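Participant: Protein chains in written order, with the working numbering: chain A, 1 to 160; chain B, 1 to 123; chain C, 1 to 232; chain D, 1 to 605.
You may find that some hints are simply not true.
To be verified - Lysine to aspartate or glutamate pairs mimicking DMTMM-like chemistry, simulated, CA-CA at most 20 angstroms apart: (1) A:K113 - A:E91; (2) B:K10 - D:E255; (3) B:K3 - D:D388; (4) D:K534 - D:E376.
Bear in mind the hints are in silico, worked out from the structure with no lab data behind them.
From a predicted model like this one, the values you see are computed outputs, not experimental measurements.
Below are the chains, spelled out letter by letter.
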Amino acid sequence: MEATQLEQIVLENGASRNGIIAMLQEIQSRENYLSEDNLSYLSDRLDIPLIDLYGIASFYKSFSMTPVGDNIIHVCLGTACHVRGAEPILEEIERKLDIKAGETTPDNKFTLKTVNCLGACALGPIVLINGRYFGNTSMQKVTDILQQYGYIAEVAPETT
Amino acid sequence: MAKLSIEDLKNLRDTMYRKMTNEENPKIIVHMGTCGIASGAQEIYDTIVRELTQEKINVTLKTSGCAGLCSREPMITIQLPGKAPVKYADLNPKKVIKILNQHIRNGVPVADYALAIGSETTY
Amino acid sequence: MIKFKLNGLEVQVEEGTTLLEAAHFYGFPVPTLCYHEGLSNWGGCRLCIVELKQGNQSRIVSSCTYLAQNDLNVFTNSEKVVKIRKTIIETMLATVPTSKIVQDLASKYGVHRVRVAVENKDCLLCGLCTRMCIEQMDGKAIGLVGRGDSLKITTAFDKRSDTCRLCGGCIYICPACQIRCIGPNIEKDGPICNACANLEPPCLDQFENMMCYMDPCVACEIGTEKPVKSKL
Amino acid sequence: MGSKRTTIYVCMGTSCDARKSRRLQEAFSRALKDKGLHDEIDVSATSCLGYCDEGPNILIEPENLMYHNLNEEDVPFFIEEHFIKGNRLENYILAPGNGELKIPDMTDINFFKHQRLVVLRNRGRLEPDSIDEYIAMDGYAALSKVLEEYTPESIIVEIIDSGLRGRGGAGFPTGRKWQICRNAPGNEKYIVCNADEGDPGAFMDRSILESDPHAVIEGMIIGARAIGANQGFVYIRDEYPLAVQRIKKAIQQAEDYGLLGDHILGSDFSFTLKIVRGAGAFVCGEETALLASIEGKVGRPRQRPPFPVIKGLWRKPTNINNVETWANVPHIIRNGAKWFSNIGTAKSKGTKIFSLVGKVTNTGLVEVPMGITLREVIFDIGAGIPGDKKFKAVQIGGPSGGCLPDKMLDIPIDYDQLVQAGAMMGSGGLIVMDETTCMVDLAKYFTKFLYEESCGKCWSCREGLRRMLEILTKITEGKAKEEDLDTLRDLAEMTKYASMCGLGQTAANPVLSTLKYFEKEYILHVRYKRCPAKVCKALINFYVIPERCTGCMRCVAACPTGAITGPRSEPHNIDQSKCIKCRACYEICKFNAIEDVIVDAIVIK
């Protein structure tokens, strides 16, 4: 991100320590991750040790320190989703995309994340892709949902 | 908007209350909380807009938050002037079109899709 | 002055005194691990817990972070406190079995068994080194990063810190004590990355540009070999 | 009654009753007597006829005619016209009662019938983005009442008298909290709305903010007035984008109307409100962690005392209440403390909103008066467990709450009784579980959740949870010994007593409450390596029952690992070495041909 853009974010949030989380959120929402350069800029600009910023950024779950894929998948693991079988769905997505939760596919198409409750518990299990909710999901629906975002299913090996 | 005084607030309340309780047009409320949206309330809303813009029926279309019974979302409420509100549940665009035809245009609620009639009990 | 009861004794201390300071002043031994006089109070290790009793109600608090207040009724060694403290030491021993300080605590408090899986971690995440770095050395190099399973002590972005002066303060204060820093990028950054990812207990001789405060060196004293599991 | 020709049913539903339908009934009896018709026409009360907005309503049988909007003054005229002259009064006819009203009334549907709305009274009715509609429903009337008639002290007295307790967890009396904050030394004070609703399975705060954001704002302005604060913060979860958007807009509208800002409604009182978005940390629901987060720091709790009401944000007195608590305030002021304290039990006043989720037929948000039993909520409002499954437990109070079994369902919902039962009110998540939920697995789930959310400061919380998780994992894998249960208890005790903040102190509750009420299930796992709910993968295997399998290939297609094989129309086979026990086949099979068989099943009584 350009320094002028960063400076604008700093000024919009009071240019003080109090606004630091809002600044990080703004950077995160624009770039989808927090780069070392951006954090270094904030560190110098606001005179906060870089390690403090890194500590904050790594503490809160909505920040990411590595670039994410084009599509961000959130699987809700709230209690209501858990008792209705969210884990098998997460595992199914992990198998399909061949990544673990928190990782990004090598082609940079998908990032898979978990979230601890989206507050739409009545419709569990829930999968959220790029802000769109998929309620009452099941293992069978996973491929279908992923295909809407450009996932190409492998051709199933012939079974005898 | 000018800042209100206590007097202004009371007047505004009375004006708005009259306006809301003496609605001349049929009123449709689409319940659009997060759970409603997650189960497709936006699609319902869009369908209604699309259907109604083709015709010359005056309808007050509104949104609201969650109606409470999330497992039966998406839901809408229709209130014809002078009648009790009717809540519809488990909707899809197809059902909505039928409801618009029957309830809004002809004034007869679609009993098959309706969840309940009337309002909730408040203290 | 604040007046309260400490193990049944009427005591008085100045306002702003912690219960730990009061207990130590009056000669009651309260074990600590993440506490250090020269650093801010953290309250992480929970060894210094004491019981506050009031009528039928009782509450357990860490004495290093709890300020003395009038009319408290404090017990530093109640049955409940001792039992919980033993569980804390037991889990610490299982996590960092090589720490001399934890071994001593176990021996002092009669912890003779470890019922959870023994690991060979070298860090208690007590945060002493991070407070040393920022509060005493003005290093601002290391800190607690992440939370839950990913909590660790490291530098920003796990890279060699620009602000670190290799003072060794972090190593000096570490209670797990085998802290001989070998970072994640030992080949690239050299042995001192100040990431405190102390994986092996190497000898200090290898590091010419580092000041060692350890006299005597606990690591040398107990040898470089880690105790075998059967000792526990 | 049977000898009479006609009956007039007068609706005695709540809203008709409020419109004096009882007096209407009396007027009818009187008038019929006057006209000498009382032998032919009976007058009777009936439960709600629906059409509550049109009341008072009457139904005339057997004509099946419903009239509405009747006054007692109209009655003689009405009887004259309708019964004597035989004219239908079209103006008053509501709807032809066709004898079998196909659409049930709200008050006849179990889900709505038992609910009584205070905080959610505007749900589904108001446009959340319209301040005008909120005002039409008497919104901000409580604020003007406060500014005209109350001193800050008398607001606090009103809230204390109402008996309102914090809706976010432990249930500290709200008025007392305000009073402490008001009396705390210092001129600069803050108030905070805790909208960091982190409990998985609870979403009442989200729903309030989404459907009635102005109620929260109004409550906060009143609270600020009482406490003497001029600045407030709404700390809201970032996972609720719609709620963030709506409260933002609502604040903007309130500012435009001069309900926030300088000289509110022309008074000498000024108050501004700011939104702070959380960034995904459950522990920030804890007060001191929340404050640290607002100050732009890592959300780690600190030692209390000093309590935030004495030393909070930037070491200034700070009063924190959650969304539901704030949203109750305008209603209490408008209707009076007495009105509020008449609802509920001796020590828990008013209503409570629960999010009813999990294995229950009707899921959603329910607002019920305190004192109602859990059984009523789950079986009457929630309509019980779907399918032919049996109820097993209800988890109340979020991760820090407890799991209550069937025999505890008759305790009334009340702060103190729930704590006694080993659970807590919490923010109000009710997660219903049936026989297919494994309680050990559930304890493991919560422990894992809390371990990942622990800020990591306290050894007792971080390591206690990690070690408990280690043992629970061993149990679910069938590798645990019976001594491990004692270790589990010791670890739970350490976590509960030695941790600094509320998260740690309650983090062992899921383990402790399941150990207390479902110890048998633990023993089955440990001693007999059995998971009765058939959840723990290491303890179950899937087999095809050849007699039932029709060879439809559905499971073959569903199996993600290709473990199931078999030609069409012949019984399939599951290759145990490839099976990952994902249950996909079990759930898709239409012929109950797949059975999850327990390894080394030993039947015990």
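Participant: Does each hint hold? Answer for all of them.
Facilitator: So, going through the hints one by one against the coordinates:
For the hint linking K113 of chain A to E91 of chain A, the alpha-carbon distance of about 12 angstroms falls within 20 angstroms, and the restraint holds. Restraint check for K10 of chain B and E255 of chain D: satisfied, since their Cα atoms lie roughly 17 angstroms apart, inside the 20 angstroms limit. Taken as a hint, the K3 of chain B and D388 of chain D pair is broken in the structure, with Cα atoms around 59 angstroms apart against an allowance of 20 angstroms. For the hint linking K534 of chain D to E376 of chain D, the alpha-carbon distance of about 29 angstroms lies beyond 20 angstroms, and the restraint is violated.
Checked against the numbered hints given earlier, the structure breaks hints 3, 4 and satisfies all the rest.
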